[in-house]
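There are 2 protein chains.
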Amino acid sequence: MPTTCLRLTPQRNIILEELRGTRSHPTADEVYDMVRRRLPHISLGTIYRNLDYLHAQGLIRKLDKIGSQMRFDASMDPHLHICCMECGKVGDLPEDAASVSVRQEAMLDAEKTFQITGHWLEFHGVCSDCRTKGKIG
Amino acid sequence: MPTTCLRLTPQRNIILEELRGTRSHPTADEVYDMVRRRLPHISLGTIYRNLDYLHAQGLIRKLDKIGSQMRFDASMDPHLHICCMECGKVGDLPEDAASVSVRQEAMLDAEKTFQITGHWLEFHGVCSDCRTKGKIG
DNA sequence: TTAAGAACAGGAACTATTCCTATTTTCTGT
DNA sequence: ACAGAAAATAGGAATAGTTCCTGTTCTTAA
Ligand SMILES: [Mn+2]
Ligand SMILES: [Mn+2]
Ligand SMILES: [Zn+2]
Ligand SMILES: [Zn+2]
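Keeping their order, the protein sequence lines are chains L and V.
Residue numbers for the first sequence follow the numbering used here, beginning at 1 and rising by one.
Residue numbers for the second sequence follow the numbering used here, beginning at 1 and rising by one.
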């Protein structure tokens, strides 16, 4: 059996290290800026390709529903996200902060057409920076 | 007091009528195709501008988290959405099909930084068309 | 060692959406 | 009804996040 081994090139390693070193859920070009300090000749295409690769390998998360740009997250333990409606900052919520309960009887009709496989839940709010700005300005 | 009156131009009226005549949650250029049959000279910019206007006036919904394109929905009664992971089709679920319960104690820590104002919940699944295609092909 | 495959840098292409501008339509006060 | 002001429109250019392409370099496995 051909083992689909994980190939960790220097570029992939450094992308992963940088992502693991932040809690800011950076966009692709924020990752680009972080990685370029250590690999000045890396290309943005390599950033995108390898973020996709690492996500496909199950090593990082890809948040494609938050804001207008994709964001990436190296923490794989189950948790929820909250996004500031003013500045777009993304924060973490503990996994048990909220739960989604589904009423089967109400789903039955929908299940005739759609087979439900999962869901996406995200929270919206205002971060502390934007709240203080709002009070002063 | 200056009353901010609702301006319903012919273009806006027809966009609204077409959107109210479908349950397909169309994208902007699908609305464009629908409206162009009745207004052959309308521009895509007018479609976008007026879909934004109608959304700002609270007359339609704008689904910006589903798939890679915005989708629009004229049914304003509260309901949830389910999106086919194969073809991107969007369907409705009754509002009481699912509920999100939030554990206040788990939120307290997060509330110190983020003030939570709302949330977004959407379901993922496979539509019946894609299920039959999968079985045959 | 060598051939095949994978990943790379750099930059072009793609595309959904927004922006710009000259023209037309609608509104408001007289 | 009329004139001036404000808003909306058509058409097309610009923007920007992401993907794709190409020639080159690196890695892996006989
Ligand atoms: Mn996170
Ligand atoms: Mn709907
Ligand atoms: Zn903020
Ligand atoms: Zn489908």
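These aren't lab readings, by the way, just hints derived from the structure by calculation.
Hints may contain errors.
Because identical chains cannot be distinguished in the list, a pair is counted as satisfied if it fits within a single copy or across any two copies.
Unchecked claim - In silico BS3-like cross-links for lysine-lysine, where the CA-CA straight-line distance does not exceed 27 angstroms:
| # | residue 1 | residue 2 |
| --- | --- | --- |
| 1 | K133 | K89 |
| 2 | K62 | K112 |
| 3 | K89 | K62 |
| 4 | K89 | K65 |
| 5 | K112 | K89 |
> From the Cα coordinates, with 27 angstroms as the cut-off, is the pair K133 and K89 best called within, between, both, or neither?
Replying inline: For K133 and K89, the Cα distance is within 27 angstroms only inside one copy (14 angstroms; across copies 41 angstroms).
> At most 27 angstroms between C-alpha atoms: does K62 with K112 qualify within a copy, between copies, both, or neither?
Replying inline: between (30 angstroms within a copy, 26 angstroms between copies)
>> If the cut is 27 angstroms between Cα atoms, do K89 and K65 qualify within a copy, between copies, both or neither?
In response: Both: 13 angstroms inside a copy, 17 angstroms across copies.
> Given a CA cutoff of 27 angstroms, do K112 and K89 count as a within-copy pair, a between-copy pair, both, or neither?
Replying inline: Intra 39 angstroms, inter 15 angstroms, cutoff 27 angstroms: inter-copy only.
> Given identical chains, is K89 near K62, meaning Cα to Cα at most 27 angstroms, within a copy, between copies, both, or neither?
Replying inline: both (15 angstroms within a copy, 22 angstroms between copies)
Checked against the numbered hints listed earlier, the structure breaks none of them; every hint is satisfied.
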